[in-house]
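Got chain A sorted already, so can you dock chain B onto it with the hints?
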Amino acid sequence: MTDYSGKIVLVTGARRGVGRLITEHVLKQGAQVIGFSKHLDEGEKSEQYRAIEVDVGDADSVAKGFEQVRKQFGRVDIVINNAAVLTSQYAMIMPAAAVKAMLDVNILGTFLVSREAAKLMRKNKWGRIINIGSMAASLEPIGDSVYAASKAAISTLANVMAKEYASLNITCNTLGITGIATDMLSQLPKDKIDSVIASLPLPRYATPDDIFNVIDFFGSERSGYITGQTVFLGGVN
Amino acid sequence: MNELAAQVQEAIEQALRALNEERGPEEQIEIHAQTCLFGEASVLDSLSLVSVIVDLETSLSDMFDRAISLTDDRAMSRDPVPFTDVGALKAYILELLA
Numbered sequence: 001m002t003d004y005s006g007k008i009v010l011v012t013g014a015r016r017g018v019g020r021l022i023t024e025h026v027l028k029q030g031a032q033v034i035g036f037s038k039h040l041d042e043g044e045k046s047e048q049y050r051a052i053e054v055d056v057g058d059a060d061s062v063a064k065g066f067e068q069v070r071k072q073f074g075r076v077d078i079v080i081n082n083a084a085v086l087t088s089q090y091a092m093i094m095p096a097a098a099v100k101a102m103l104d105v106n107i108l109g110t111f112l113v114s115r116e117a118a119k120l121m122r123k124n125k126w127g128r129i130i131n132i133g134s135m136a137a138s139l140e141p142i143g144d145s146v147y148a149a150s151k152a153a154i155s156t157l158a159n160v161m162a163k164e165y166a167s168l169n170i171t172c173n174t175l176g177i178t179g180i181a182t183d184m185l186s187q188l189p190k191d192k193i194d195s196v197i198a199s200l201p202l203p204r205y206a207t208p209d210d211i212f213n214v215i216d217f218f219g220s221e222r223s224g225y226i227t228g229q230t231v232f233l234g235g236v237n
Numbered sequence: 001m002n003e004l005a006a007q008v009q010e011a012i013e014q015a016l017r018a019l020n021e022e023r024g025p026e027e028q029i030e031i032h033a034q035t036c037l038f039g040e041a042s043v044l045d046s047l048s049l050v051s052v053i054v055d056l057e058t059s060l061s062d063m064f065d066r067a068i069s070l071t072d073d074r075a076m077s078r079d080p081v082p083f084t085d086v087g088a089l090k091a092y093i094l095e096l097l098a
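Chains A and B supply the protein sequences, listed in that same order. Numbering-wise (this note's numbering), the first sequence opens with residue 1 and increments by one. Numbering-wise (this note's numbering), the second sequence opens with residue 1 and increments by one.
No wet-lab data here; the hints were simulated from the structure. Since we're looking at a predicted model, the values are computed, not measured. Ideal placement from N, C-alpha and C gives every residue a C-beta, glycine not left out. A hint or two may mislead.
Which chain B residues face chain A? A few, computed with CB under 10 Å, are given here [said to hold, decoys possible]:
| no. | residue |
| --- | --- |
| 1 | L47 |
| 2 | V50 |
| 3 | S51 |
| 4 | V54 |
| 5 | E57 |
| 6 | T58 |
| 7 | S61 |
| 8 | A67 |
| 9 | D72 |
Sample of chain A residues lacking proximity to chain B, with all beta carbon distances greater than 10 Å (derived) [stated by the list, open to error]:
| no. | residue |
| --- | --- |
| 10 | G30 |
| 11 | S138 |
| 12 | L157 |
Bound-form chain A, shown alone (with noise of 0.2 Å):
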């Protein structure tokens, strides 16, 4: 496991699903968190943890989210970009809005986010950036031109940015996680995704532990000459 005792992390989408997974593992790691979420919890989970409201999606909700960040915190150290949006549909019915929320939760907000928190991470030259990807990157499953083209471009986004971030000591790395049971895997039909995990070389569903093996990976201080990666889960690639 690796000690996040006297780091900052922040996580998007840090209230429900993979998001509240990660933000309760590093708690446990003694990680100082900052929840980014559209909606906040009615209570916070510990002292450690501080929930700011935040649509990812929006520059100005961003900047302000971060402002919040540097004037309580000063720094963020890792990021975790998790955030994301889901609407499974045949492309030629899926509707315009949907294709606009998923862009701009998944893509526009992975930006956002990255592009302020290097703002802060330049000044201490140390920062760890994490995007969530999905094997729909990888496997481009029938219904999901959208979101796995989405989930293809923040990867691409890591990679660029960890060649303008390089010389600032901030790596950017993505995960390429399978399916875990979580509210939004539930929007999707059961034997549609049971295929998909049969398909892979190893055909089992993620655990939380599989997730936070490759989070700690990153996000260790001993990781700092991984940049630009991709790591898919279960195989796939």
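Structure of chain B alone, referenced to chain A:
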């Protein structure tokens, strides 16, 4: 120079001094109104310019207690961009604050 203009001038110079602190003795930037920040004659490489702009946005936002963006659509669509040199940058910031 009025007080506001003096504050803005000082903020710009402070951002450039912060950059100088990270540079070697032979790379020091001379700071004056004509110091060229952008374009072929610029004394800054692109990443250094980004660093100065980000420092300046942060200090101006703190100083005036409002978000100041020097690289939004309004700024980037100008020809020439408003940070060609120190004087032009100062004039643009004063315009934003007006």
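Each hint, compared with the structure:
1. L47: holds, 7 Å
2. V50: Holds - the Cβ of V50/B comes within 10 Å of chain A, reaching about 9 Å at its closest.
3. S51: holds, 7 Å
4. V54: Holds. Min distance 5 Å.
5. E57: With a minimum Cβ separation of about 8 Å from chain A (threshold 10 Å), the hint on E57/B holds.
6. T58: With a closest approach of 8 Å, the T58/B hint holds.
7. S61: Where the cut-off is 10 Å and the nearest Cβ of chain A is about 7 Å from S61/B, the hint holds.
8. A67: A67/B check passes; min Cβ-Cβ to chain A is 6 Å, inside 10 Å.
9. D72: With a closest approach of 9 Å, the D72/B hint holds.
10. G30: Holds, since 29 Å exceeds 10 Å.
11. S138: holds, 32 Å
12. L157: Its Cβ never comes within 10 Å of chain B, the nearest being 17 Å, so this holds.
In summary, the structure agrees with every hint in the numbered list given earlier.
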